[in-house]
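Asks: In the numbering used here, the protein residues as written are 323 to 949.
These are computed hints drawn from the structure, not numbers from a lab.
Some hints here could point you the wrong way.
Claimed, not checked - Now the in silico label distances, taken between C-beta atoms and shown as ranges:
{"id": "1", "residue 1": "Gly-467", "residue 2": "Asp-523", "range": "17 to 23 Å"}
{"id": "2", "residue 1": "Val-407", "residue 2": "Lys-358", "range": "35 to 41 Å"}
{"id": "3", "residue 1": "Gly-882", "residue 2": "Ser-357", "range": "42 to 48 Å"}
{"id": "4", "residue 1": "Lys-942", "residue 2": "Arg-750", "range": "16 to 22 Å"}
Because the structure is a prediction, the values reported are computed rather than measured.
For glycine and all other residues, C-beta sits at the position ideal for the given N, C-alpha and C.
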Amino acid sequence: MKKIFLTLCSVFVALLFWYYLGAKAILKDDSNSFSKLQCVSYAPFAKDESPFLFDKGLVISEENVRNDLKLLSKYTTCIRTYSTVGLEMVPKIAREFNLQMLMGAWVSSDEKQTKDEISTLIKLVNENPEVVRAVIVGNEVLLRGDISDKKLYEYIKEVKSALPNTKVTYADVWEFWIKHPSIKEVTDFVTIHILPYWEDDPMNINESIKHLAEVRHEVEGILGTSDILIGETGWPSEGRMREDAFPSKINQAKFVRDFVSLAQEKNWNYNIIEAYDQPWKRASEGAVGGFWGLFDKDRLDKNVFAGDVSNFPNYKYLAFGSLVLILAFSLLLRNKDISTKKIFLFSVVNTSFAILYMLQVEQYNIIARNYLEFSWAIIVLLTQIFVYYFMLSYIIKEKKTDVIPSILFYLASFIAFILTMNLAFNGRYENFEIYGFIILAISFIWLYKNQYEKLNFGKFEKVLALVLVIGSIITIYNETFLNIFSNIWVILALVFAYILNKGTNKNISLCDLKSLAIYTLVFAAIFIGFKYGFVSNKALATQCNLDSSSLSCGIKDLMGAAVYFGYIGFITILVTVIAFIANKKSYSLIALFFSVGSLILTNTFLGSISFLIAVYLLTKDETKSLN
323 MKKIFLTLCS VFVALLFWYY LGAKAILKDD SNSFSKLQCV SYAPFAKDES PFLFDKGLVI
383 SEENVRNDLK LLSKYTTCIR TYSTVGLEMV PKIAREFNLQ MLMGAWVSSD EKQTKDEIST
443 LIKLVNENPE VVRAVIVGNE VLLRGDISDK KLYEYIKEVK SALPNTKVTY ADVWEFWIKH
503 PSIKEVTDFV TIHILPYWED DPMNINESIK HLAEVRHEVE GILGTSDILI GETGWPSEGR
563 MREDAFPSKI NQAKFVRDFV SLAQEKNWNY NIIEAYDQPW KRASEGAVGG FWGLFDKDRL
623 DKNVFAGDVS NFPNYKYLAF GSLVLILAFS LLLRNKDIST KKIFLFSVVN TSFAILYMLQ
683 VEQYNIIARN YLEFSWAIIV LLTQIFVYYF MLSYIIKEKK TDVIPSILFY LASFIAFILT
743 MNLAFNGRYE NFEIYGFIIL AISFIWLYKN QYEKLNFGKF EKVLALVLVI GSIITIYNET
803 FLNIFSNIWV ILALVFAYIL NKGTNKNISL CDLKSLAIYT LVFAAIFIGF KYGFVSNKAL
863 ATQCNLDSSS LSCGIKDLMG AAVYFGYIGF ITILVTVIAF IANKKSYSLI ALFFSVGSLI
923 LTNTFLGSIS FLIAVYLLTK DETKSLN
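Construct all of the structure, not just a fragment, from the sequences and the given hints.
Replies: Okay, here's the thing in structure tokens:
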């Protein structure tokens, strides 16, 4: 009877948790706050499309654009576009729905492509003068460092000369207007981007609108003009936390509603980013890049304008998942004659883990983009569900022997290591996969208590523990203590580091790792110098924008492409496989060299896997001699 009662209590608590999170912790309807938005950024790409597919024959469907603009016409009077090539039909369709356009030409370091953009822009404006409210020549070009400010001025002047009756502007993050105030002299008005989430000092949702107003006032004072368009502002509905700036559906709706209300009061000109979620942006901006839309990738309303908003609109499915887990694992109690204390502990752990597990499933459902990422999610979730099972089994065991297969701890530790390296060296766009790892950390601490000596780990595990600590310190430095998700992840990583260190053979000290540490530090110093002195050297980048014919610029572009497309990581894996087959120290050191370089140069996923293998190869023989 006690088992049934406590199981029912578990079910009730889980259902209550999801009901509160999904149906009660919501943003209430505020449909009277505004009627129509002034303007909204529009990219016509469906959920499986991207601008990078134009070279592979992508043709934008006029029918899809028509459906998009028909929907948008109910909520705005204007759309902003960023490019013209491949989007020539947009002005014609915009006219059908009485939409005006802020028409953009994409300016980049590719001069031919830029010329094509500008030529198409001029042609479309001449054909649709009544549709085009203004043209925007270039978007965040100076931020990216694609071209010099002088070259940008030339492009703007070219467009102004060709379109004397059309207003011309340039759009960039507000700091770059302050750095390059002379742009104002060649534009008809100023277009600034203010994105509190993406600021170098991110703003939390409660400070974001105040910050935006202060920034606009500052820019107006410095540039000496009130003719300012806030060309991009908004808030993401999903993604990773930056310091205390938290993406969520509620925060997105709150930001847009509060901003539009203030803009109406102040009589500001603005454009909201963006109309529809764009999954293709996740490749370069992480999960958060794909969730700035007022509508989702399937063109479904996210209730940003009006209506109640929940961060977990699918909470019923998540509650059902938790219910299935609780009931399924409660079957372990059958035919078990155990104390009330153990049944209570079992129920508490089962309830907590069921909720955490479904939170992790939901996170992967949001952030996984492709088959590789779904495969990663499956591996992690399977690891977590097995540990979940062993933890509950351990609670009801009479004899505490054969705690858990060591393969599960190693697998969990390797995954934690990879994620920590991602966050430490390429964290801007990585996510904090904390929910399932809370299950793992609690379980391993509980299962291994008073049994650390039996683990008898060697140098390999000692190195992992040390690097996890270093990675955690770097993560805290990058994220600051304001980021609660980062803080939780660091605690979880340190739990794994603690177990790895505590279970290490007592005969192994840090001094035994001196040789490996020296190699690693030297390799790291080499690649840090190479990264900041060459690959990310802003002075060299500016010089290459003016003249890219030099050998150093060619090498820099080659390295940039190798890093961006992940070639460094693939080369590192290849070198590591060769080292593994050769099984020689010299080869293993070369693999270590490449793996450290891959980490520093932000190809962290494959770099961290290679690092694990290289360290194993360099420590395995010495570890055997101790046993």
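Asks: Verify the CB-CB distance for Gly-882 and Ser-357 against the hinted window 42 to 48 Å.
Replies: The hinted range 42 to 48 Å holds for Gly-882 and Ser-357, with Cβ atoms some 46 Å apart.
Asks: Kindly confirm whether 35 to 41 Å is satisfied by the beta carbon distance between Val-407 and Lys-358.
Replies: violated, 29 Å
Asks: Within 16 to 22 Å or not, the Cβ separation of Lys-942 and Arg-750?
Replies: Hint violated: Cβ distance 35 Å, outside 16 to 22 Å.
Asks: CB of Gly-467 to CB of Asp-523, is that within 17 to 23 Å?
Replies: holds, 21 Å
Going down the numbered hints, you'll see the structure goes against 2, 4, while the others check out.
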